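Engineer: Protein chains in written order, with the working numbering: chain A, 143 to 621; chain B, 65 to 315.
No wet-lab data here; the hints were simulated from the structure. None of these values were measured; they are calculated from a predicted model. Hints are not guaranteed to be accurate.
[To be verified] Taking lysine-lysine pairs in the DSS-like style, the calculated list, with each CA pair at most 30 Å apart, reads:
| id | chain 1 | residue 1 | chain 2 | residue 2 |
| --- | --- | --- | --- | --- |
| 1 | A | K612 | B | K104 |
| 2 | A | K149 | B | K104 |
| 3 | A | K459 | B | K239 |
| 4 | A | K357 | B | K98 |
[Unchecked claim] To spell it out: a stretch of chain B is covered by chain A in this simulated footprint if at least three of its residues, at any positions, have a beta carbon under 8 Å from a beta carbon of chain A; those stretches are:
| id | stretch |
| --- | --- |
| 5 | 113 to 127 |
| 6 | 192 to 204 |
[What the hints assert, rightly or not] Chain B is faced by these chain A residues, among others (derived, beta-carbon under 8 Å):
| id | residue |
| --- | --- |
| 7 | L370 |
| 8 | M371 |
| 9 | L377 |
| 10 | Q380 |
| 11 | D385 |
| 12 | K387 |
| 13 | K389 |
| 14 | S456 |
| 15 | K459 |
| 16 | Y462 |
| 17 | V463 |
| 18 | D532 |
| 19 | L536 |
| 20 | K612 |
| 21 | L621 |
Built from N, CA and C at the ideal position, the CB exists for glycine as well.
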Amino acid sequence: MDVKGAKKVLVRAFAIYWALVLLIYAVAYPQFRYAEVNSKSVTPSSVIDEITDGEVVTQEFEIRMNRIRGVSLFAGTYDRVNTGSMRIVLSNREGTVLAEETRDAASFKNNAYTYIGLKSPIICSEMESIVLSITTDGCTPGNALTVYSGVEWAEGTPVENERYASLNGSYTIGRLCIDMVGDLERPFYILYWVIVTGVFLLALLLCLYWWSKAKKGMNNPLVAVFTLMTRYGLLFRQLVSRDFKTKYKRSSLGLVWSFLNPLLTMAVQYVVFSTLFKSDIKNFPVYLLTGIVFFSFFSEAVTLGMTSITSNASLIKKVYVPKYIYPFTRVISSLINFLLALVPLFLVMLVTASPFHLSLVLLLFDILCFVGFIIGISLLLTTAMTFFQDTQFLWNVISMIWMYLTPLFYPESIIPRQIIGVYRLNPLYQFITFARICIIDGISPEPVMYLNCILSASLFLVLGVWVFRKYQDRFILYL
Amino acid sequence: MYTESEQSNQPVMIEAKNVTMRYRMANDKINSLKEFVVKKIRKEIKYNYFDALTNVSFEVRKGEVVGLIGRNGAGKSTILKIISGILKPTEGSVSVYGNVAPMLELGSGFDMDMNGHENIFLNGAILGYSEDFLKSKYDEIVDFSEIGQFIDVPLRNYSSGMIARLAFSIATVIKPEILIVDEVLSVGDIEFQQKSFNRMMELMSGGTTVLFVSHDIEQIRKMCSRTVWLDHGRLRLFGNTDEVCDAYEQM
């Protein structure tokens with residue numbers, strides 16, 4: 143084994159690991175430290191009546207968050223454009239005013255939630271009572287807003303009487319439909335370091351253990367990987383470049399197809415689905431294109447990967463090359479294609495004037511996990527394909543079903559609530575949603591989504607490698 | 065080449081121990097999932113076993129040129145495939161100490177849509193050469209193959225002789241520790257055959273261990289020190305070339 147080269151590779155791998163760890167932490171820190179919370183709201187059932195000048199509506203809230211960023215209020219405008227303004231005051235039980243916001247009556251939506259952000263967030267200790275009061279200015283009967291109230295929580299349990307809202311000092315028969323939006327601190331930002339350091343130490347220990355074994359001349363995975371990299375590194379590069387050269391060899395537009403393909407698909411889907419789903423989705427073109435680019439990477443890589451053994455049969459029968467290399471190179475050449483397809487995605491972001499957030503760098507993590515997942519699936523299907531040629535046709539059907547089960551062109555909200563838990567088990571859903579949060583929302587996804595991505599990737603990768611390893615010696619008998 | 069007593073002190077390069085290769089043949093080749101499930105349920109799958117090799121043992125020492133003879137279907141190609149790592153034996157083991165250059169069916173790693181230049185790198189990579197090595201030997205490969213100006217033409221426009229010549233040049237540019245030769249000396253025209261024969265001799269005299277398969281007994285006698293005779297998958301004789309060849313010819 144080339145000791146110097148091996149050391150260099152290991153050091154580089156660990157450097158990349160820490161770079162990624164730091165990068166993720168730097169970008170995702172706000173989401174790692176604070177969880178966005180929404181205080182429970184009641185189901186709107188009745189209105190308080192017009193709130194005119196001189197009237198005061200108050201409501202006490204028990205909140206569990208470390209800072210309040212805003213309130214979301216279910217108002218009614220009686221379907222007319224009202225003049226005047228509404229003032230919202232947040233104070234504590236002792237009467238100290240914590241925040242104050244005034245909004246034009248015209249800016250409220252009818253029979254829907256309107257979000258009012260605070261100029262500066264209120265910092266509070268975890269359990270606290272906040273009193274919210276609403277007054278108006280310039281609102282007269284016939285030209286005033288109302289707020290909804292309800293007597294049941296969203297889950298259907300009734301509200302206790304003493305927590306009802308009051309109108310001019312006397313209790314009404316319901317609770318205001320107002321959400322407090324804010325953040326709750328959680329210990330994940332500390333846990334993160336524990337996890338990443340733990341993983342690092344574990345990997346380091348494993349490497350040292352293998353290293354000592356390698357010195358004694360014993361075979362182990364570390365040595366195997368290095369031998370592969372040094373001996374078959376060139377073959378790997380040659381096969382990837384061959385895939386690329388042959389793909390565009392006889393096409394006049396060549397590489398341009400990599401850009402054009404997702405754009406054209408997006409254009410078609412945009413025309414077809416925009417009237418159906420556009421209003422439910424923020425930045426529909428970017429939403430669509432993200433889904434398309436990610437899904438076509440998946441389907442292209444798996445379709446190419448699964449035939450890699452059968453189509454290289456003549457070679458496999460004659461020369462010994464580790465068989466992993468065939469599906470692996472197919473996935474990597476699709477990855478390059480996918481990275482090219484990100485260019486039109488960024489172009490569309492430019493054209494639709496969507497901001498480029500720092501959270502885009504989190505895509506690195508997402509793509510890394512995605513590639514692992516795809517390699518796993520490819521290895522599984524390659525194995526199946528080698529023994530049963532009709533796997534290919536079966537896969538065509540499965541990938542189509544899978545496409546419809548993934549929110550590529552429709553919003554997740556059309557899925558019935560009862561099955562959403564099962565629906566979200568789809569690994570593709572996890573990877574694509576992760577990407578959309580980074581690209582469109584501009585924030586880091588919740589920590590649990592990182593876990594989901596890692597789990598889906600490692601589960602399929604381990605399964606794929608295990609199955610492939612188990613059957614690879616028998617491939618040749620079926621080619 | 066070493067004398068016989070010197071030879072037996074050389075380290076073992078290839079060691080085949082009780083190698084048995086058993087193929088399982090379904091009565092009908094099943095290659096679809098549907099067929100498999102249907103036949104499995106009906107219990108229609110019957111397997112026949114066929115032993116291509118039975119309990120074959122021999123060893124090849126460093127610097128030796130060992131011949132491998134036998135009738136068609138005796139298992140010569142199977143044992144070569146096992147040695148080069150393509151097949152795994154059902155029972156027994158083959159240990160190979162050193163890098164193997166397989167010269168089984170030349171040119172199988174070529175891509176017909178790519179030109180000669182690209183194919184030299186692709187095929188070289190398949191044989192496990194490094195990039196630097198290929199770059200330094202590039203001219204030598206092109207010269208030896210006599211391809212000349214056609215090196216930039218896609219391989220689908222080559223004649224079969226040109227392809228074979230290019231393949232041979234790539235395969236023999238390296239000085240491998242173990243060379244496996246499966247009747248490749250019939251490449252190209254007479255002139256090129258002579259050239260390639262010389263190249264082979266050159267490799268063999270340079271300390272490379274060679275496993276040589278041929279139906280041409282005269283060639284075996286000329287080149288090999290020891291010979292393995294396989295007969296219906298069994299090791300019939302293994303030893304001094306002349307003795308084995310005499311016995312083989314008396315059959």
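Engineer: Next, verify each hint and record whether it holds.
Structural biologist: Evaluation of the provided hints:
no.: 1; hint: K612(A) / K104(B); verdict: 22 Å, holds
no.: 2; hint: K149(A) / K104(B); verdict: 51 Å, violated
no.: 3; hint: K459(A) / K239(B); verdict: 23 Å, holds
no.: 4; hint: K357(A) / K98(B); verdict: 50 Å, violated
no.: 5; hint: 113 to 127; verdict: violated (count 0)
no.: 6; hint: 192 to 204; verdict: holds (count 5)
no.: 7; hint: L370; verdict: 11 Å, violated
no.: 8; hint: M371; verdict: 12 Å, violated
no.: 9; hint: L377; verdict: 4 Å, holds
no.: 10; hint: Q380; verdict: 4 Å, holds
no.: 11; hint: D385; verdict: 10 Å, violated
no.: 12; hint: K387; verdict: 7 Å, holds
no.: 13; hint: K389; verdict: 11 Å, violated
no.: 14; hint: S456; verdict: 5 Å, holds
no.: 15; hint: K459; verdict: 7 Å, holds
no.: 16; hint: Y462; verdict: 3 Å, holds
no.: 17; hint: V463; verdict: 6 Å, holds
no.: 18; hint: D532; verdict: 4 Å, holds
no.: 19; hint: L536; verdict: 7 Å, holds
no.: 20; hint: K612; verdict: 12 Å, violated
no.: 21; hint: L621; verdict: 10 Å, violated
Hints 2, 4, 5, 7, 8, 11, 13, 20 and 21, counting from the list given before, are not met by this structure.
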